[in-house]
Amino acid sequence: MTLNKLAHGQVRFRPVEPEDLELIYQWENDPEIWQVSNTLVPFSRYILKQYIAESHRDIFEAKQLRLIIENIDGKAVGAIDLFDFEPYHQRAGIGILIYNKDEQGKGLATDALRLMALYATDILGLHQLYANITVDNEASIHLFKKVGFQLAGNKKDWIKTATGWLDEELYQLILK
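Residue numbers for the sequence shown follow my numbering, beginning at 51 and rising by one.
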């Protein structure tokens, strides 16, 4: 597999565009995914518009990168993020969202994670990616393991929920 035009399998990446405002507003303000994204309050359109306007900043300056995931038909189906970018230590955290239930389970997230691993290695020169996943998120655990991430640790009672506490696991992928 080689990095080619930020596309792999069923997906391609593109930058966030101003036209994505309503889509990102919908995603970021869905309480069903707040636990996964560590969100406690809704985002305003104003704040998201500012974020989009600043999204052109280089990852080396911003220490984060969000790309829109499109399917082969060019439809935006989700987003993939690098965060806590550490160029000296050559690592970054990674998060992914395939928003609509009818788009999940089709291999889009697998292709997107594999593409981001290639991008992180070949373009950014990273040594590793990591993901923090709550123990109850079986679909994400399966996804990240499928792509080669390995369990590196467990943070006890890390995430507070309405029904109690959840452990969060740390998964790592050594790239090179």
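Misleading hints may appear alongside valid ones.
Heads up, simulated SDA-like pairs for lysine to any residue below, C-alpha to C-alpha not over 20 Å straight-line [claimed, not checked]:
(1) Lys55 x Glu67
(2) Lys113 x His177
(3) Lys205 x Leu225
(4) Lys205 x Lys113
(5) Lys195 x Gly214
Ranges of calculated distance between the beta carbons of each label pair, as one might list FRET restraints [stated by the list, open to error]:
(6) Glu69 x Trp208: 34 to 40 Å
(7) Lys151 x Lys55: 17 to 23 Å
(8) Val185 x Glu111: 20 to 26 Å
(9) Asp108 x Lys151: 17 to 23 Å
(10) Trp215 x Glu69: 36 to 42 Å
(11) Ala103 x Trp215: 34 to 40 Å
(12) Arg95 x His192: 30 to 36 Å
None of these hints come from the bench; they were simulated from the model. Computed from a predicted model, the values in this text were never measured in an experiment. The C-beta atom is built at its ideal place from N, Cα and C for all residues, glycine as well.
Against the structure, the hints:
1. Lys55 x Glu67: Holds, at roughly 18 Å.
2. Lys113 x His177: The given pair, whose Cα atoms are some 16 Å apart, holds under the 20 Å limit.
3. Lys205 x Leu225: Outside the cut-off at roughly 23 Å; violated.
4. Lys205 x Lys113: violated, 24 Å
5. Lys195 x Gly214: Given pair Lys195, Gly214 is violated - Cα atoms ~26 Å apart, limit 20 Å.
6. Glu69 x Trp208: 34 to 40 Å: holds, 36 Å
7. Lys151 x Lys55: 17 to 23 Å: For Lys151 and Lys55 the Cβ distance comes to about 29 Å; the hint is violated.
8. Val185 x Glu111: 20 to 26 Å: violated, 35 Å
9. Asp108 x Lys151: 17 to 23 Å: violated, 34 Å
10. Trp215 x Glu69: 36 to 42 Å: holds, 40 Å
11. Ala103 x Trp215: 34 to 40 Å: The hint (34 to 40 Å, Cβ to Cβ) holds, given that Ala103 and Trp215 are roughly 37 Å apart.
12. Arg95 x His192: 30 to 36 Å: Holds, at about 34 Å.
In this structure, the earlier hints numbered 3, 4, 5, 7, 8, 9 are contradicted, and the remaining ones agree with it.
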